[in-house]
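*Asks:* Residues per chain, in single letters:
Number of protein chains: 2
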Amino acid sequence: MLLRPSVCTFLQYLQQANVTHLEKKVLECGAAGRYPPLALFYEEGYETYGIDVSDYRIGLARAFCREHDVSLNIIKGDMRDIPFDDEVFSFVYESDSLCRLTKKDTGVAVKEMKRVLRRGGYLSVGFMTLDSWPLTGEERNPGEFWTHSGERDVVHSFFEDDEPGQYFTDLDIVWEEKRTAVRRDTVTVSREDWINQYNDTWTRYSKDEWVKLYDECKAHFRLSVLQYIARKT
Amino acid sequence: MLLRPSVCTFLQYLQQANVTHLEKKVLECGAAGRYPPLALFYEEGYETYGIDVSDYRIGLARAFCREHDVSLNIIKGDMRDIPFDDEVFSFVYESDSLCRLTKKDTGVAVKEMKRVLRRGGYLSVGFMTLDSWPLTGEERNPGEFWTHSGERDVVHSFFEDDEPGQYFTDLDIVWEEKRTAVRRDTVTVSREDWINQYNDTWTRYSKDEWVKLYDECKAHFRLSVLQYIARKT
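Quick mapping for you: the protein sequence lines, in order, are chains A and B. Here our numbering is used: the first residue of the first sequence is 1, the next is one more, and so on. Here our numbering is used: the first residue of the second sequence is 234, the next is one more, and so on.
Incorrect hints may have been included.
[Stated by the list, open to error] 27 angstroms max Cα-Cα, derived DSS-like pairs, lysine-lysine:
#	chain 1	residue 1	chain 2	residue 2
1	B	Lys336	A	Lys178
2	B	Lys411	A	Lys103
3	B	Lys337	B	Lys347
4	A	Lys111	A	Lys178
5	A	Lys178	B	Lys411
6	A	Lys25	A	Lys111
7	A	Lys104	A	Lys114
8	A	Lys178	A	Lys104
[What the hints assert, rightly or not] Which bits of chain A does chain B cover? Going by a derived footprint, with three or more residues having C-beta under 8 angstroms, they are:
#	segment
9	9 to 23
10	87 to 101
These are computed hints drawn from the structure, not numbers from a lab. Backbone N, C-alpha and C define an ideal beta-carbon position, used for all residues, glycine too.
Okay, chain A solo, but in the shape it has when bound (with noise of 0.2 angstroms):
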């Protein structure tokens, strides 16, 4: 099992708040992949629903809920239009997933994941932010930087610490976290990757200066994250 320790903030928190009352259903949005966090869920004793647009991904989790012999409920659904009723989760969380909007789509998606979500019930998302090294692809818009993935441009979104505040109207705030990730051993890019990444369309580094940026990974590497746990009012 994967630990997400999003996933894991959030099922601590729900561990450790009262909220016995709520009917234990949860959907998560972005949740297919070999090791899907809502398997944490199943364990204990959740009722799961999983939505995600990649058929590859979802593939991929269904083959582990037979290896596992669980049924987590992972369907195809895009977070930007939830392909469920209003108000019928008790819980509804995405983890790594939102980043891959842009911003405008971010706020569609909050909006959606609050829709059906039940009053009183709780929202876990997750936010990267600016002070991440490296920022790479070309900025289209602020904090929105666009790559090449294979054929498709694929966009990361980073936000200033007091950013995604805007998203949370009509939602309590009740934990919020940042953390900040150095890593100094793991690069998840090999150098060949990196290099054949490299497209002077989008990116304002010549190529020796990409290459060099690649060394400098090990030293540098930064990734943040905020955290918000929000309670439906």
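Take the given structure of chain A and dock chain B to it, following the hints.
*Replies:* Using the frame of chain A, we list chain B on its own:
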């Protein structure tokens, strides 16, 4: 199961790093209590050992083991004088325990953890930092705050961000993460307990200021922790 962020982060690091050559044998320092974190390692197939100074907390952990039919091997022991031979564990960690030692004893404890750790093995430890709030008690040495708990004087140590580095000689730091939690609706102590805690021998606050401090907790509470994962060279 209670998912402590530092334990989840350590397990996640080990799952993503290549440590399959190491025997899955782990020691936790400060391992007892109602929800022993070692249970997570047990679930992942580790041979687990734990030490704790508190008979009461060891009793709680043993009740957990009986109830869940798991064998975690938690015995009485002090992390400043670990009751195990040199280099017998591949993994050693603590979570929210080291902070209960003076800074001098913190150095002794980390040295002991390093002693029982095999070469190439991994250590995970955490330090509370001085940007936490409130810092209560008598500051007898820089960053060492003493309060009374029952019959005993209890210390909590808080560090500057660049201070813990001194403890990591003969160790390669492979992960460093700072977590700053701002709790808005949960204060861990009741108003009554807070007021009863007041004792003018160890705080510079007047009784009135102390009472007011409780009301401010909700708005200003902040707990910052620096976690290091290091490999023994």
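*Asks:* If a hint holds in the structure, say so; if it doesn't, say that too.
*Replies:* Outcome of the hint check:
no.: 1; hint: B:Lys336 / A:Lys178; in the structure: holds (26 angstroms)
no.: 2; hint: B:Lys411 / A:Lys103; in the structure: holds (26 angstroms)
no.: 3; hint: B:Lys337 / B:Lys347; in the structure: holds (16 angstroms)
no.: 4; hint: A:Lys111 / A:Lys178; in the structure: holds (22 angstroms)
no.: 5; hint: A:Lys178 / B:Lys411; in the structure: holds (8 angstroms)
no.: 6; hint: A:Lys25 / A:Lys111; in the structure: holds (19 angstroms)
no.: 7; hint: A:Lys104 / A:Lys114; in the structure: holds (16 angstroms)
no.: 8; hint: A:Lys178 / A:Lys104; in the structure: holds (22 angstroms)
no.: 9; hint: 9 to 23; in the structure: holds (count 6)
no.: 10; hint: 87 to 101; in the structure: violated (count 0)
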